[in-house]
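J.: Here are the chains, one letter per residue:
Protein chains: 2
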Amino acid sequence: MIHIRTATPADISLMYSLVHALAKYEREPESVHITEEQLLRDGFGPNPYYECLIAEKDGTPAGFALYFPIYSTWQGPSLHLEDLFVQPEFRGHGIGKALLQAVAAAAVKRGCARLQWDVLDWNQPAIDFYQSIGATMLGDWRRMRMTGDAIKALAASSEVTA
Amino acid sequence: MIHIRTATPADISLMYSLVHALAKYEREPESVHITEEQLLRDGFGPNPYYECLIAEKDGTPAGFALYFPIYSTWQGPSLHLEDLFVQPEFRGHGIGKALLQAVAAAAVKRGCARLQWDVLDWNQPAIDFYQSIGATMLGDWRRMRMTGDAIKALAASSEVTA
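As given, the protein sequences belong to chains Y and L, one line each in that order. With my numbering, the residue at position 17 of the first sequence is 17, and numbering never jumps. With my numbering, the residue at position 97 of the second sequence is 97, and numbering never jumps.
Pulled out of the complex, with its shape left as it was, chain Y reads as follows (with noise of 0.2 Å):
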């Protein structure tokens, strides 16, 4: 019996968990800087940040999506699905397109015309399931980053006009 629910901040510690357990999934387990307290006050504040959902499975939480609102010039509000995860052990069961399923419901609740995620590509099970769902690979397509010291040396000339 698979159960999707909204995440509440009663969730945070498994929140926190599943983060961790997905960095290490993808081989990057020590880029995890955010504290269960950020967590909670960046999720569950006035003007939160995300929103969360929680799969369980026989009422053990197996896995987990997180998602907010971004914006295309091209066709408006949309969804961003930052994290979708499931616990290796909960693993072929539809927990990933139960979650993928409640994210994309909702996308059309808040009318959005886009629904996109990042996948590694070397990931090529994932890739494979989300385009068995109707998702579409965006092959041209790379991302560039900026963080710490570098923002705020560039930043550090810059002069606007409000």
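If you're looking for bench data, these hints aren't it; they were derived computationally from the structure. Do not take every clue at face value.
Because identical chains cannot be distinguished in the list, a pair is counted as satisfied if it fits within a single copy or across any two copies.
[As the list claims (entries may be wrong)] In the BS3-like style, the derived pairs of lysine-lysine whose C-alpha atoms are separated by at most 25 Å in a straight line are:
| hint | residue 1 | residue 2 |
| --- | --- | --- |
| 1 | K97 | K109 |
| 2 | K152 | K97 |
| 3 | K152 | K109 |
| 4 | K97 | K57 |
| 5 | K97 | K24 |
| 6 | K57 | K24 |
The hints should help you fit chain L onto chain Y, whose structure is shown.
T.: Relative to the frame of chain Y, chain L by itself:
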């Protein structure tokens, strides 16, 4: 003289034309389905989906940057730069860099650990420029996207408990 300023509702027609000019540059001129009314409602209502900066050179609009908050479960609140564009006749004067500096300043102001954006893999001049100012390319991530009817089909069988 380059001048970066925050966009206002009076800039909607300009923003609309810049969005179209960027889509043409990205070789997808037919992909823009947004209207000026929607851009106005989504960017300047009580809960704006995006923020926009306009670049002017000697008083003439030359480009724009459009961004919004996102969330990293590894690092917390971040910014995504959705659109960055300088009209071809205004290139080579540092306008793109001035816009990026202003977006970086917005990221610093909000305490964002990350600033990210996407680039087309054939746009080597842009990639070179971004790397020269401290950005790195995440070569192993690919974007998955689902739109319209595919989202609805996937959502149809969803069951979520609040």
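J.: Next step is simple, just say for each hint if it's right about the structure.
T.: Status of the hints after comparison with the structure:
no., hint, result
1, K97 x K109, "within (18 Å within a copy, 38 Å between copies)"
2, K152 x K97, "between (40 Å within a copy, 14 Å between copies)"
3, K152 x K109, "between (38 Å within a copy, 10 Å between copies)"
4, K97 x K57, "within (13 Å within a copy, 50 Å between copies)"
5, K97 x K24, "within (21 Å within a copy, 36 Å between copies)"
6, K57 x K24, "within (22 Å within a copy, 48 Å between copies)"
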